Structures are given as C-alpha cells and as structure tokens.
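Each number in this note's numbering comes from the position in the sequence shown (counting from 1) with 207 added on.
Hint data in this document are derived by calculation from the structure and do not stem from the laboratory.
Bear in mind the structure is a predicted one, so any value in this text is a computation, not a measurement.
Using N, Cα and C, we set each Cβ at its ideal position, and we do this for glycine too.
Please note: incorrect hints may appear among the correct ones.
[Claimed, not checked] Using 25 angstroms as the maximum straight-line C-alpha spacing, the simulated SDA-like pairs for lysine to any residue come out as follows:
no.	residue 1	residue 2
1	K322	G361
2	K279	R269
3	K322	T391
[To be verified] The calculated label-pair distances, taken between Cβ atoms and stated as ranges, are:
no.	residue 1	residue 2	range
4	L420	V229	40 to 50 angstroms
5	D299	A352	35 to 45 angstroms
6	P241	A364	33 to 43 angstroms
7	A368	T400	41 to 51 angstroms
8	P238	E348	17 to 27 angstroms
9	L359	P313	15 to 25 angstroms
10	I240	R268	15 to 25 angstroms
11	G369	K279	14 to 24 angstroms
12	V229	L371	22 to 32 angstroms
13	V229	P366	35 to 45 angstroms
14	S336	A363	40 to 50 angstroms
15	L365	R302	41 to 51 angstroms
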Amino acid sequence: MVDLRESSRAVRLSSSGGFLSVLARSVRGAPTIPVAGRALRPVLLTGLTGSGKTGLLHGLRRAGEQVLDLEKLAAHRGSAFGAAGPQPTHRDFTRAVLTRLSAADPDRPLWMEYKGGYLGSVGLPAELSRAFAVMPLVRVERPSASRAAAILAGYAALPAAGWLAGVARIETRLGGARTAAVRTALGRGELRTAIELLLDYYDRTYAPHLAALGGPVLHQLASATDL
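Model the full structure from these sequences, guided by the hints.
Structure, rendered in structure tokens:
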C-alpha cells in the first residue's frame, strides 16, 4: 500500500482491466474496521464532483471486485440533479444497504463511494456515515475543466426543465446572484457555463467534508479523461 500524503507521486487512473487489477491487489491489506456491527475491509473512493469515482467503482465491479453501489441502491446520483427514476423509501434503502453489508465478504476489500448524508430523498444509515470518518481512502483527483466536461457528457440527456428544477432545489444555498447567473446561462443554451458555475458551488460545499475524513490514504489517483 502507498500513502501518498507524504509523496508527490500520483497514479494515472485508467479504466483498463490491468490497472484495476493492480489497484485492487494493492489494497488487499486494507485494515479491518467495524461497519454496521461487522468487521469489514472497506475502501472509500473520494474526490470532488465529476472526478470519476462512479466510473472507477463500476470498473472495479466489472473486474470482479466487491462493491457497495449506493447510487444504484438509492436510484439517485446524490446531487440536486441526480434523480435516476423512482426512489425507494428510506426504510427500504436502509434495509438494502445493511443487507449488503451483512453479506459482504470480510476478507476482501469492499469498495464504495463517499456520499453525504442524503441521496435525493433517502438518507445513509447512521452506522455507515459514522464509519466513513475512519475508512481507508483512495482519492481521485481531476482538473476542474476536465470535471466540467465529464459532467456535461454524463448529464447530456437531462432536459432543460430538469436543470431548472435542480437549480430551484439549491437556490437558497447557491445565493441570488449565482442562481441568476446559472439560469441565464441555461436560458442561452450555455450548459457548459452553467455547469462550471454549479461546480464551483459543489466544490466549496464538499471540500470541507472530504478534508474532514480521517482514514489513512492508500492511494491518490490522477483521473484520466476516459473514466
């Protein structure tokens, strides 16, 4: 394992099976910590919005790794724009998460993506949220311009009404001037500009939460644009 908090070296992230296999093997010695009453080996993917965490998680799953896909269970990507169809009830979501944690193999790494308290209308189980604070981390980094491009591609199917509804949900936190600027950009069809304005808001919102995570850093990955 490599703790890159004390190293200037970063790993170039690739979606290739070879890289994923190397990454998976490199964390097999991750420490065991209690998660929802079980001793597991979780590995938490962290990074700012658009950095490629979800793509990496899906790649690890395809490579045969053990993953907990919170977005899939919640039917939501986690942002104000992340609805992916009807969501489960909070109780059903909690039950699904805890069921998967209880069935996880304690001898294998369990990969998951850091999420805040809520994914849409459903909240994370308190047991999992507490465990996030001490889980070993794999940090995924990506320049803001590249992240904006990734979000533009990932949300290409979202209609204008969906963007406006998402802006309305966070209007109070965005502030009047930024909300007006985002709406103006959307009205002009300047989606990239709107995304850049929103990305600045999300970065300022989530950066303190990511900085507060106290688990050991196993790797710091420089995300390639193909993820």
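Task: Unsatisfied constraints (hint numbers, rising) - done: 3, 4, 7, 9, 12, 14, 15
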